[in-house]
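Participant: Throw the hints in and build the complete structure from the sequences for me.
The primary structure of each chain is shown beneath.
2 protein chains.
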Amino acid sequence: LAAGDIPVVESLIEPLHPADVADLIEHLEPEQRKLFLDITRHALEAETISHLDEALREEVVDQMAPAELAEVVTELDTDDAVDLLEDLDADTQQQVLDSLPAEDRAYLEQGLTFPEDSAGRLMQRELVAISDQWNVGETVDYLRNAEDLPDDFYDLYIVDADKKPVGSVPLSRAMRSKRDIKLTDVMDEELRLVPVDTDQEAVAYLFRQYGLVSAPVVDGDGRLIGVITVDDVVRVIDEEAEEDLLNIVGVSDTDFHAPAYKTAFLRVRWLVVTLVNTLIASFVISRFEGTIGHYPALAVLMPITAAMGGNAGVQVITVTVRALATRDITPNSNVMRLISKELAVGLMNAVVFAIILGAVGGYWFGHIGLGFVLGGAMIFNMVWAGFAGTVIPLVMDRIGLDPATGAGPFLTTTTDCLGFFAFLGLATLFLT
Amino acid sequence: LAAGDIPVVESLIEPLHPADVADLIEHLEPEQRKLFLDITRHALEAETISHLDEALREEVVDQMAPAELAEVVTELDTDDAVDLLEDLDADTQQQVLDSLPAEDRAYLEQGLTFPEDSAGRLMQRELVAISDQWNVGETVDYLRNAEDLPDDFYDLYIVDADKKPVGSVPLSRAMRSKRDIKLTDVMDEELRLVPVDTDQEAVAYLFRQYGLVSAPVVDGDGRLIGVITVDDVVRVIDEEAEEDLLNIVGVSDTDFHAPAYKTAFLRVRWLVVTLVNTLIASFVISRFEGTIGHYPALAVLMPITAAMGGNAGVQVITVTVRALATRDITPNSNVMRLISKELAVGLMNAVVFAIILGAVGGYWFGHIGLGFVLGGAMIFNMVWAGFAGTVIPLVMDRIGLDPATGAGPFLTTTTDCLGFFAFLGLATLFLT
Numbered sequence: 419l420a421a422g423d424i425p426v427v428e429s430l431i432e433p434l435h436p437a438d439v440a441d442l443i444e445h446l447e448p449e450q451r452k453l454f455l456d457i458t459r460h461a462l463e464a465e466t467i468s469h470l471d472e473a474l475r476e477e478v479v480d481q482m483a484p485a486e487l488a489e490v491v492t493e494l495d496t497d498d499a500v501d502l503l504e505d506l507d508a509d510t511q512q513q514v515l516d517s518l519p520a521e522d523r524a525y526l527e528q529g530l531t532f533p534e535d536s537a538g539r540l541m542q543r544e545l546v547a548i549s550d551q552w553n554v555g556e557t558v559d560y561l562r563n564a565e566d567l568p569d570d571f572y573d574l575y576i577v578d579a580d581k582k583p584v585g586s587v588p589l590s591r592a593m594r595s596k597r598d599i600k601l602t603d604v605m606d607e608e609l610r611l612v613p614v615d616t617d618q619e620a621v622a623y624l625f626r627q628y629g630l631v632s633a634p635v636v637d638g639d640g641r642l643i644g645v646i647t648v649d650d651v652v653r654v655i656d657e658e659a660e661e662d663l664l665n666i667v668g669v670s671d672t673d674f675h676a677p678a679y680k681t682a683f684l685r686v687r688w689l690v691v692t693l694v695n696t697l698i699a700s701f702v703i704s705r706f707e708g709t710i711g712h713y714p715a716l717a718v719l720m721p722i723t724a725a726m727g728g729n730a731g732v733q734v735i736t737v738t739v740r741a742l743a744t745r746d747i748t749p750n751s752n753v754m755r756l757i758s759k760e761l762a763v764g765l766m767n768a769v770v771f772a773i774i775l776g777a778v779g780g781y782w783f784g785h786i787g788l789g790f791v792l793g794g795a796m797i798f799n800m801v802w803a804g805f806a807g808t809v810i811p812l813v814m815d816r817i818g819l820d821p822a823t824g825a826g827p828f829l830t831t832t833t834d835c836l837g838f839f840a841f842l843g844l845a846t847l848f849l850t
Numbered sequence: 419l420a421a422g423d424i425p426v427v428e429s430l431i432e433p434l435h436p437a438d439v440a441d442l443i444e445h446l447e448p449e450q451r452k453l454f455l456d457i458t459r460h461a462l463e464a465e466t467i468s469h470l471d472e473a474l475r476e477e478v479v480d481q482m483a484p485a486e487l488a489e490v491v492t493e494l495d496t497d498d499a500v501d502l503l504e505d506l507d508a509d510t511q512q513q514v515l516d517s518l519p520a521e522d523r524a525y526l527e528q529g530l531t532f533p534e535d536s537a538g539r540l541m542q543r544e545l546v547a548i549s550d551q552w553n554v555g556e557t558v559d560y561l562r563n564a565e566d567l568p569d570d571f572y573d574l575y576i577v578d579a580d581k582k583p584v585g586s587v588p589l590s591r592a593m594r595s596k597r598d599i600k601l602t603d604v605m606d607e608e609l610r611l612v613p614v615d616t617d618q619e620a621v622a623y624l625f626r627q628y629g630l631v632s633a634p635v636v637d638g639d640g641r642l643i644g645v646i647t648v649d650d651v652v653r654v655i656d657e658e659a660e661e662d663l664l665n666i667v668g669v670s671d672t673d674f675h676a677p678a679y680k681t682a683f684l685r686v687r688w689l690v691v692t693l694v695n696t697l698i699a700s701f702v703i704s705r706f707e708g709t710i711g712h713y714p715a716l717a718v719l720m721p722i723t724a725a726m727g728g729n730a731g732v733q734v735i736t737v738t739v740r741a742l743a744t745r746d747i748t749p750n751s752n753v754m755r756l757i758s759k760e761l762a763v764g765l766m767n768a769v770v771f772a773i774i775l776g777a778v779g780g781y782w783f784g785h786i787g788l789g790f791v792l793g794g795a796m797i798f799n800m801v802w803a804g805f806a807g808t809v810i811p812l813v814m815d816r817i818g819l820d821p822a823t824g825a826g827p828f829l830t831t832t833t834d835c836l837g838f839f840a841f842l843g844l845a846t847l848f849l850t
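These protein sequence lines map, in sequence, to chains A and B. Heads up: take any position in the first sequence, counting from 1, add 418, and you land on our numbering. Heads up: take any position in the second sequence, counting from 1, add 418, and you land on our numbering.
Do not take every clue at face value.
Stretch by stretch, here's where chain B covers chain A in the computed footprint (C-beta under 8 Å, at least three residues) [unchecked claim]:
1) 495 to 508
2) 514 to 527
3) 680 to 689
4) 759 to 770
Keeping only pairs whose Cα atoms sit at most 16 Å apart, straight-line, the calculated EDC-like set for lysine to aspartate or glutamate is [said to hold, decoys possible]:
5) A/Lys581 to A/Asp637
6) A/Lys596 to B/Glu565
7) A/Lys596 to B/Asp559
8) A/Lys596 to A/Asp559
9) A/Lys596 to B/Glu556
10) B/Lys596 to A/Glu565
11) B/Lys582 to B/Glu608
12) B/Lys596 to A/Glu556
13) A/Lys759 to B/Glu661
14) B/Lys596 to A/Asp559
15) B/Lys452 to B/Glu489
16) B/Lys759 to A/Asp637
Simulated from the structure, these hints should not be mistaken for laboratory data. For glycine and all other residues, C-beta sits at the position ideal for the given N, C-alpha and C.
Facilitator: The following block contains the structure:
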């Protein structure tokens, strides 16, 4: 396919949606990709480039001249254009900005000043603001003749003389109303306004909670300056869920498309944490070397308590982290209920497994005392897992740390150490 | 608050959005919740009930009489109504259905026949179908006068005489077109049709990939029978992400709101897997009891190799599972590239940690041979983790199993066993 025949390749790509072309590019081997881009560069739509995965987008953009980039930026909505500009080095960025018309440039320069992951980055500046004096007929006439409107829009925002939004009318309702009806008579006054510095996670929450399709963004003075549409929010929701998932195991979201040496480096941090964790556990075990020398059977059974406590704790942590993210837990309402529930869950499962394991351990090594030690250590560690699995993420959240990232390894360290300590300690007390 | 004064409670709830009232109910203690529902039952909006978490919705619905339920069902869109009906026992369900008008009943009965998690469950039957003969003016007049339209809609679907969709027009475009323009002249012909039995994950993919706001659902004959809107898809995306996250650690998505004994029971399955896993590992260790008896130091260092391999493997699995879910990996394109990359990543990190750990182990116990054994076992296990972490989920996906659920525990079993076996085996060979 990508072996020379330019017109054929172009004709194959032409009917595809930009998002699919972007996927196609992502799936190519690095050398094929370079060839493909050389061939199709001029035929690629701006949209395709903005759909590329971040690591690849940088690669593609680096190969383009400032004039080409300026053209791409002009075609994109402001939110996508800012995303693209942000990745450029300062020089190229300035060159691209200089070659744009003044109004576009001002919007984009302002866009770059908003913090990453804020509403200001998600919004597009192209919007439909309707005067609160107009009726449906005047609005329709305006929409039919105006030039600078976004491609798609779903709500009309009604603004007063100061450009402050006073209400919104879903397009479907506007369309069903007669021409002489005033928009202020059919608008929803309860607006979900988004201040421009709102975190994107909070924006996603608003859309999800209230089933919104678009939301107005306002500046510090309450003036309407942009609109966030649901397609951008879908991307955010997806990203946030991915981040939660990947952070729990210490993987970054650029992991998949990064080259091997970079991926290896990115994952090291979490492996170092694992290493420190197991070294601490090893230290705990080393305190009992004498006991193990007498009873090598302890070394055989020792991983069980630690593993069961660790896994039970990771279950509790995952549920707690997720409940914090979806606001199913709020600091003042149901924290005590959650902790006591998890203690109960931990105790119930601990007793069940203590009996099973105690029996297995006692029978395997023909030593009833060993069974009791194993069962006792198990109860101890699993109840601790239930308690620590809720309290660690809650405390981290309260003091402003991200529980999705750090809670897991921290908890596992405690359950490992406690698991080994309880088992070997009980064994030392009762078996020697 | 919820201590008797009915009018006050009602006046406090009245201005809230149904989704917020549902959250409020979820946050109450069980006894308070019962009281709250007794007081407000008649004031609760149908929407509030459909926003409740599944476990709680069943609780609330169980307390309602069939007549009340019928009223609630009538107010809801068909997709939410079917969700609610599905939870009822067969008797009540029939009573509710019997008290509905014939057309509604037919829709709902059909809705119940679609498999859970299919497009048929997500769609609403209320839709806007426009004849391909009409112009913009006729369409607007129809919309102004028709009664049975959905509350909100975003696209007009153009259908031919057989009710087969031939194109769509975003509302914003229809609104900007002059009255005498034919809809077929401005419609997008490239429709993303959703067959009614499509899995909801595939529906979510369509919306995300193409930034859709609504999509037409067709039956086996290609006739338009419903519409899926983006707010339902946002819920699906959220649910799927949550499922992925929770399944990896063996937790169900009803975990948080379920009572303790149920939660304990739901989590047991994964703990049993952990138990079997560690018992297999214990068996491996037990083969080396003699060696450990001579060198108790081995018991101290033994958990390190297993833990590092396990954690490195879980990182690889998470990335692979996620890449499968987002279709960043497809069976025929880049599997070999991924495997060789992960082998390289595993090897690089293995060498780094083998050197560090070999030094630590050798120095700690003053035995250089022990350091080499530890380092060698580490390289072995981490390279295996890179290989198995990609291959296990890929194979599971190919043979139709869900890699998010089973791959983690399965991999950990192999890294545990291999970690202990490599370390203790090398030690037996070289140190005794």
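Participant: For every hint, state whether the structure bears it out.
Facilitator: Consistency of the hints with the structure:
1. With 0 residues carrying a beta carbon less than 8 Å from a beta carbon of chain B, the segment 495 to 508 of chain A misses the three-residue requirement, and the given coverage is violated.
2. Three residues within the 8 Å Cβ limit are the bar, and the segment 514 to 527 of chain A against chain B gives 0, so the coverage statement is violated.
3. Coverage of the segment 680 to 689 of chain A by chain B holds [criterion: at least 3 residues with CB-CB distance below 8 Å; count 6].
4. Chain B is given as covering the segment 759 to 770 of chain A, and this holds because 6 residues of the stretch bring a CB closer than 8 Å to a CB of that chain, at least three being needed.
5. The hinted pair formed by A/Lys581 and A/Asp637 meets the criterion: a straight-line CA distance of about 11 Å does not exceed 16 Å.
6. Taken as a hint, the A/Lys596 and B/Glu565 pair is honoured in the structure, with Cα atoms around 15 Å apart against an allowance of 16 Å.
7. With a C-alpha separation of about 9 Å, the suggested pair A/Lys596 and B/Asp559 falls inside the 16 Å cut-off, and the hint holds.
8. This hinted pair checks out: A/Lys596 and A/Asp559 have alpha carbons roughly 13 Å apart, not beyond 16 Å.
9. Pair hint A/Lys596 plus B/Glu556 holds up; C-alpha atoms about 14 Å apart against a cutoff of 16 Å.
10. A threshold of 16 Å between alpha carbons decides the hint, and for B/Lys596 with A/Glu565 the separation of about 15 Å falls inside it, so the pair holds.
11. Of the supplied pair hints, the one linking B/Lys582 and B/Glu608 holds, its CA atoms being roughly 14 Å apart against a limit of 16 Å.
12. Restraint check for B/Lys596 and A/Glu556: the C-alpha separation of about 14 Å stays at or below 16 Å, so the hint holds.
13. Restraint check for A/Lys759 and B/Glu661: the C-alpha separation of about 22 Å exceeds 16 Å, so the hint is violated.
14. For the hint pairing B/Lys596 with A/Asp559, the CA-to-CA distance comes to about 9 Å; that is within 16 Å, so the pair holds.
15. Taken as a hint, the B/Lys452 and B/Glu489 pair is broken in the structure, with Cα atoms around 21 Å apart against an allowance of 16 Å.
16. A distance of roughly 46 Å separates the Cα atoms of B/Lys759 and A/Asp637; the hinted pair therefore is violated under the 16 Å criterion.
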